[in-house]
Amino acid sequence: MPAPTGALTFDALRPPSPFMGETHRAWRDSLRKFIERELAPHVTEWDEAGHVPRDVFLKAGAFGLLGAGFPEQYGGWSEGFDRFHGIVTSEELARLGAGGVSAALMIHGIGLPPILAIGTEEMKQRIAPPVLRGEMQISLAITEPDAGSDVANLTTRAERRGEAYIVNGAKMYITGGMTSHYATTAVRTGGAGAGGVSLLLIDLSAKGVTRTPLKKQGWWASDTAALYFDDVEVPADHLIGAENQGFAGIMRNFNGERLGMASGATASARVCIEDAAAWAQQRQTFGKRLADHQVIRHKIAEMVQRVNATTAYLEHCAWRVTQGETPVADLCLLKVQATQTLEFCAREATQIMGGAGYMRGSRIERIYREVRVNAIGGGSEEIMRDLAARQLGL
Amino acid sequence: MKVLVPVKRVLDYNLKVRVKADGTGVDLSNLKMSMNPFDEIAVEEAVRMKEGGGGHPAGTATEVVAISIGPEQAQETIRTALAMGADRGILVKAEGEVEPLAVAKLLKAIVDAEQPGLVILGKQAIDDDSNQVGQMLAALLDWPQATFASKIVVAGGKINVTREIDGGLQTLSLETPAIVTTDLRLNEPRYASLPNIMKAKKKPIDAKTPADLGVDVAPRLTVVKVADPPKRQGGAKVKTVQDLVAGLKAAGVI
Ligand SMILES: Cc1cc2nc3c(=O)[nH]c(=O)nc-3n(C[C@H](O)[C@H](O)[C@H](O)COP(=O)(O)OP(=O)(O)OC[C@H]3O[C@@H](n4cnc5c(N)ncnc54)[C@H](O)[C@@H]3O)c2cc1C
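Residue numbers (my numbering), protein chains in the order written: chain C, 1 to 394; chain B, 1 to 254.
Treat the hints as calculated values from the structure; they're not laboratory data. Positions of the beta carbon are idealized from the N, C-alpha and C atoms, including for glycine. Watch out, some of these pointers could steer you wrong.
No farther apart than 20 Å at their CA atoms in a straight line, the calculated lysine to any residue pairs in the SDA-like style are these [said to hold, decoys possible]:
id, chain 1, residue 1, chain 2, residue 2
1, B, 32, C, 24
2, B, 32, C, 22
3, B, 202, C, 8
4, B, 203, C, 24
5, C, 33, B, 11
6, B, 16, C, 8
7, B, 16, C, 393
8, B, 201, C, 69
9, B, 201, C, 25
10, B, 202, C, 24
11, B, 16, C, 7
12, B, 201, C, 86
13, C, 59, B, 202
14, B, 32, C, 120
15, C, 59, B, 95
16, C, 33, B, 195
17, C, 33, B, 16
18, C, 33, B, 222
19, B, 32, C, 6
20, B, 32, C, 20
21, B, 32, C, 10
22, B, 32, C, 16
23, B, 16, C, 24
24, B, 202, C, 78
25, B, 203, C, 78
26, B, 20, C, 8
27, C, 288, B, 203
28, B, 201, C, 72
29, B, 199, C, 86
30, B, 32, C, 15
31, B, 199, C, 78
32, B, 199, C, 37
33, C, 33, B, 31
34, B, 203, C, 79
35, B, 16, C, 14
36, C, 33, B, 233
37, B, 201, C, 79
Now the in silico label distances, taken between C-beta atoms and shown as ranges [said to hold, decoys possible]:
id, chain 1, residue 1, chain 2, residue 2, range
38, B, 95, C, 215, 53 to 63 Å
39, B, 176, C, 361, 48 to 58 Å
40, B, 26, C, 289, 54 to 64 Å
All chains, full assembly: derive it from the sequences and hints.
Structure follows, in structure tokens:
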């Protein structure tokens, strides 16, 4: 890629944030150095190979990337950490243009919070520190072959028998499922609907667990699995929170995940502008730069327009969260806004790059293949709008 | 031993610089600024002397003080040094260009007050590439100096510095107090971790002005012109050795 210049670099495109101060800038600088040295040179190779080597997790753990935002007493760093440090983290990882690498490294970002929010003290002490050091990996297993968006209708069953639960059923599309040591798993312990769902910490090396790898369109560096539970015995004290109270835990988790996904998607869209603009300023067609053709200039201007609007929405939602609010409807709509912006920018950037944008090994080509997982995972666009409409009292 | 580390805020090394249209300098507006990379190496070495590492036993340095001379924002450069492990900072607020001699004089005033055993500086700043401040400071203080250090060993009250020179390695043995400037291969600076970034917020930074230190920083040099390097000409392919020789002759190279 030609080096981008001036106002169209990733950094220059990031509007200055009224909510970010010295520590956010320092965290961005430090994180960028870590990423440029330890991750960026290898992401294409890891994505093609379909995994991130174990020692990278250890490095990310030692540096503090994995523990950022998690409580000190469990091995994280949270003093002074706010949502905007989290946004910086998502943005800097997105700059790699390799969502699979972020998904692999940061999967504990959805697997661990339910344990820290409602798990037992013993569980927190046992699981969180090694996960945040990068020695252990934990996934979140909610989706099933017959229940995705409709979480409340999941059918994986956990029957209490003495001091254990016996688990039977299957989970689908589980990020990190092939390599994780544990999965925070949604199971049915009670009757039908949301009121019968619990969360169980399942050891994925337990007898009766089988895992099958799933091939997918993008995010190659992170493995994705179907998990099958066949009379798996799970100690009763592995219950996360109270029995039949799991649904609220799942839903609360989603709010943080959505803000994170929105930050990542918006920053990925910014990567699309950076690479497409650099290309358009250098590539000549019909005797002038691509950037001198009005159609192309307008595409880039529109990308900037949409990304900046999304950034403003993102920051405002994040600010409300730091003020103690949980603006559920806006978090849902923000996620849709961000993934549609990503979809638009990935399309236009690829179009501007022409054949070069369709060739493997560039950020744009990978991002293009990551659009749908952002738009579907963590609450699909349709479900987000529906939830927002309900929240708005429609 | 107290160690002072001057750190300069410069244009980020990843950025391509653009010469201002009027040829008076380089355009810095809205561009990302970072700590001069050679100064990061200096901070790293000093912090290793304090914490142990890189061949230094812990406690070799008892205190590490980071100093920056520049605008208000140079405070962030000091914070970076504090996040890497320096103990406190001194900011000398000065707007506009401060020339190497003025920087050396300001540093001398701070050295006189702080009485360090060692000052480690970057060998040069990547913005103006002057490569003068360390040497000038040594002259003003009349202290021994070792420039372009690729290895530093503190032993028996001496500072032994290895320098990469044409044709090999030279080792100098300095009495303290001394001045050392860093080369690229001295060490690989750490990344500041998030908790250390947060802790750095609470470390003290003293603010001073050139007037407090009794130094006149008015420029003595005049920049005549700043220009882009000439654009590289595209190469040409030749078919035969004869064509190549003819071409080289025509270019006056052979
Ligand atoms: C790469 C990848 C990684 C994933 N990682 C994980 C993971 O780690 N853990 C995990 O638990 N899950 C994971 N998922 C699963 C993801 O959360 C689900 O795919 C998602 O929730 C959608 O569920 P579904 O695929 O079953 O689609 P469905 O629920 O079957 O929906 C299909 C389509 O119908 C639409 N639809 C559904 N219901 C309605 C309705 N009421 N009104 C209008 N439209 C509707 C949906 O929006 C969607 O477009 C992952 C998915 C992918 C692709």
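Hint check:
1. B/32 with C/24: holds (14 Å)
2. B/32 with C/22: holds (14 Å)
3. B/202 with C/8: violated (35 Å)
4. B/203 with C/24: Distance ~17 Å between residue 203 of chain B and residue 24 of chain C Cα, so the pair holds.
5. C/33 with B/11: Holds: residue 33 of chain C and residue 11 of chain B sit about 15 Å apart, inside 20 Å.
6. B/16 with C/8: At roughly 13 Å apart (the allowed maximum being 20 Å), residue 8 of chain C and residue 16 of chain B satisfy the hint.
7. B/16 with C/393: violated (52 Å)
8. B/201 with C/69: Satisfied, since the Cα-Cα distance of roughly 17 Å is no more than 20 Å.
9. B/201 with C/25: holds (12 Å)
10. B/202 with C/24: holds (15 Å)
11. B/16 with C/7: holds (12 Å)
12. B/201 with C/86: Distance of about 18 Å is within 20 Å: holds.
13. C/59 with B/202: violated (27 Å)
14. B/32 with C/120: Outside the cut-off at roughly 45 Å; violated.
15. C/59 with B/95: violated (40 Å)
16. C/33 with B/195: holds (16 Å)
17. C/33 with B/16: holds (18 Å)
18. C/33 with B/222: Judged against 20 Å, a Cα distance of about 36 Å means the pair is violated.
19. B/32 with C/6: Holds, at about 11 Å.
20. B/32 with C/20: holds (15 Å)
21. B/32 with C/10: holds (11 Å)
22. B/32 with C/16: holds (12 Å)
23. B/16 with C/24: The given pair, whose Cα atoms are some 24 Å apart, is violated under the 20 Å limit.
24. B/202 with C/78: Holds, at roughly 16 Å.
25. B/203 with C/78: holds (18 Å)
26. B/20 with C/8: holds (18 Å)
27. C/288 with B/203: Violated, at about 54 Å.
28. B/201 with C/72: holds (18 Å)
29. B/199 with C/86: OK: residue 199 of chain B and residue 86 of chain C at ~18 Å, within 20 Å.
30. B/32 with C/15: Holds, at about 13 Å.
31. B/199 with C/78: holds (12 Å)
32. B/199 with C/37: violated (24 Å)
33. C/33 with B/31: holds (17 Å)
34. B/203 with C/79: Holds, because 15 Å separates the two Cα atoms, which is no more than 20 Å.
35. B/16 with C/14: This hinted pair holds, its Cα atoms lying about 18 Å apart.
36. C/33 with B/233: Violated, at roughly 34 Å.
37. B/201 with C/79: OK: residue 201 of chain B and residue 79 of chain C at ~12 Å, within 20 Å.
38. B/95 with C/215: 53 to 63 Å: 59 Å Cβ-Cβ, so the 53 to 63 Å window holds.
39. B/176 with C/361: 48 to 58 Å: Holds, at about 53 Å.
40. B/26 with C/289: 54 to 64 Å: This hint is violated: roughly 25 Å between Cβ atoms.
Of the hints listed earlier, those the structure fails to meet are numbers 3, 7, 13, 14, 15, 18, 23, 27, 32, 36, 40, in rising order.
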